[in-house]
Structure formats: C-alpha cells, structure tokens
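Start counting at 1 in the sequence shown, then tack on 97, and there's your number in this note's numbering.
Hints should not be assumed to be uniformly reliable.
List of simulated lysine to aspartate or glutamate pairs, DMTMM-like, C-alpha gap at most 25 Å [unchecked claim]:
(1) Lys167 to Glu150
(2) Lys167 to Glu115
(3) Lys167 to Glu125
(4) Lys167 to Glu130
(5) Lys167 to Asp135
(6) Lys167 to Glu126
(7) Lys167 to Asp133
(8) Lys167 to Glu99
So the derived label-pair ranges between C-beta atoms look like this [to be verified]:
(9) Gln100 to Asp133: 15 to 25 Å
(10) Leu117 to Gln146: 16 to 26 Å
(11) Arg140 to Asp114: 15 to 25 Å
(12) Ser162 to Arg110: 31 to 41 Å
(13) Ala106 to Ile159: 11 to 21 Å
(14) Phe141 to Asp114: 14 to 24 Å
(15) Val101 to Glu130: 30 to 40 Å
(16) Glu125 to Gln100: 30 to 40 Å
(17) Gln120 to Gln146: 17 to 27 Å
(18) Gln100 to Asp135: 26 to 36 Å
(19) Pro131 to Thr103: 15 to 25 Å
(20) Glu130 to Pro98: 26 to 36 Å
(21) Asp135 to Asp114: 32 to 42 Å
(22) Arg157 to Arg105: 11 to 21 Å
Read the hints as simulated data drawn from the structure, not as lab findings. The beta carbon of each residue, even a glycine, is placed where N, CA and C say it ideally should be.
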Amino acid sequence: PEQVATARAQVLRNLIDETLQIQAAAAEEITVEPRDVDTYYTRFAQRFQQTPESFAAYLRSIGSSERSLKRQIQGEIAWQRLQ
Numbered sequence: 098p099e100q101v102a103t104a105r106a107q108v109l110r111n112l113i114d115e116t117l118q119i120q121a122a123a124a125e126e127i128t129v130e131p132r133d134v135d136t137y138y139t140r141f142a143q144r145f146q147q148t149p150e151s152f153a154a155y156l157r158s159i160g161s162s163e164r165s166l167k168r169q170i171q172g173e174i175a176w177q178r179l180q
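Hey, can you work out the whole structure from these sequences and the hints?
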C-alpha cells in the first residue's frame with residue numbers, strides 16, 4: 098500500500114508538471130504541433146523495436162495509454178522550446 102501511494106503521488110506530480118510546462122509555453126505563444134508529438138512518439142516506439150500501433154497496445158497492457166504518453170511528450174517538447 099505504501100508503494101502504491103508513493104507511485105500515485107509521483108504520477109500526480111508528473112501530471113501537474115506537464116500541465117505547468119504546457120501552460121508556461123503557451124503563455125509565451127510557444128506551440129507544439131501534433132505532428133511533432135507523433136514524430137517523437139514514433140521514435141520512442143522504435144527504441145523499443147515496436148511500431149506506434151504495437152507500442153500503444155503495450156502501453157494499454159501495462160495500464161497506461163498512448164494519449165498519456167503523448168501528453169508527456171508534448172510537455173517535454175514545450176518545456177525544451179521554452180528554455
């Protein structure tokens with residue numbers, strides 16, 4: 098139970114960080130195009146020797162999703178551009 102609580106707290110912090118990064122970039126009129134996110138996602142899947150579709154299935158199998166990973170990628174790209 099303690100590990101689950103710790104993991105949940107970390108996930109929540111990550112979601113908050115992603116949202117703040119995206120908002121900070123948007124405040125500076127920095128945008129991240131969906132094609133940029135898709136390109137990064139495809140490269141990420143390839144690192145695991147998978148297609149984007151099979152990687153999405155893998156993410157679902159472990160309780161995550163393509164959407165949540167793409168949101169994280171969007172936050173990272175936005176933050177990099179802001180810096």
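Verification of the hints:
Taking the CA atoms of Lys167 and Glu150, the gap is near 13 Å; set against the 25 Å cutoff, the hint holds. Annotation: proposed proximity of Lys167 to Glu115 holds, straight-line Cα distance about 11 Å (limit 25 Å). A distance of roughly 21 Å separates the Cα atoms of Lys167 and Glu125; the hinted pair therefore holds under the 25 Å criterion. This hinted pair checks out: Lys167 and Glu130 have alpha carbons roughly 12 Å apart, not beyond 25 Å.
Proximity of Lys167 to Asp135 is assessed by CA-CA distance (about 8 Å); at most 25 Å being required, the pair is judged to hold. A threshold of 25 Å between alpha carbons decides the hint, and for Lys167 with Glu126 the separation of about 20 Å falls inside it, so the pair holds. Between Lys167 and Asp133, the direct Cα distance comes to roughly 10 Å. Compliance with the 25 Å bound is thereby established for this hinted pair. Straight-line distance between C-alpha atoms of Lys167 and Glu99 comes to about 28 Å, which puts the hinted pair past the 25 Å bound.
The hinted range of 15 to 25 Å is not satisfied by Gln100 and Asp133, whose Cβ atoms lie roughly 35 Å apart. For Leu117 paired with Gln146, a C-beta distance near 33 Å fails the hint of 16 to 26 Å. Hint check: Arg140 to Asp114, Cβ distance near 22 Å, so the stated range 15 to 25 Å holds. Separated by about 19 Å at the C-beta atoms, Ser162 and Arg110 break the suggested range of 31 to 41 Å.
Separated by about 19 Å at the C-beta atoms, Ala106 and Ile159 satisfy the suggested range of 11 to 21 Å. Between Phe141 and Asp114 the beta carbons are some 18 Å apart, a value that agrees with the proposed interval 14 to 24 Å. For Val101 and Glu130, the Cβ-Cβ distance of about 36 Å falls inside the hinted range of 30 to 40 Å, so the restraint holds. Taken as a hint, the range 30 to 40 Å holds for the pair Glu125 and Gln100, whose Cβ atoms sit roughly 38 Å apart.
Between Gln120 and Gln146 the Cβ separation comes to about 35 Å, which falls outside the hinted range of 17 to 27 Å. Distance hint check: the CB atoms of Gln100 and Asp135 are about 34 Å apart, consistent with the given range 26 to 36 Å. A hinted range of 15 to 25 Å for the beta carbons of Pro131 and Thr103 is inconsistent with their spacing of about 33 Å. A C-beta distance of roughly 42 Å is found between Glu130 and Pro98, which places it outside the suggested range of 26 to 36 Å.
Roughly 22 Å separates the CB atoms of Asp135 and Asp114, a value that falls outside the hinted 32 to 42 Å. Range check, Arg157 to Arg105: about 19 Å between beta-carbon atoms, so the 11 to 21 Å window is met.
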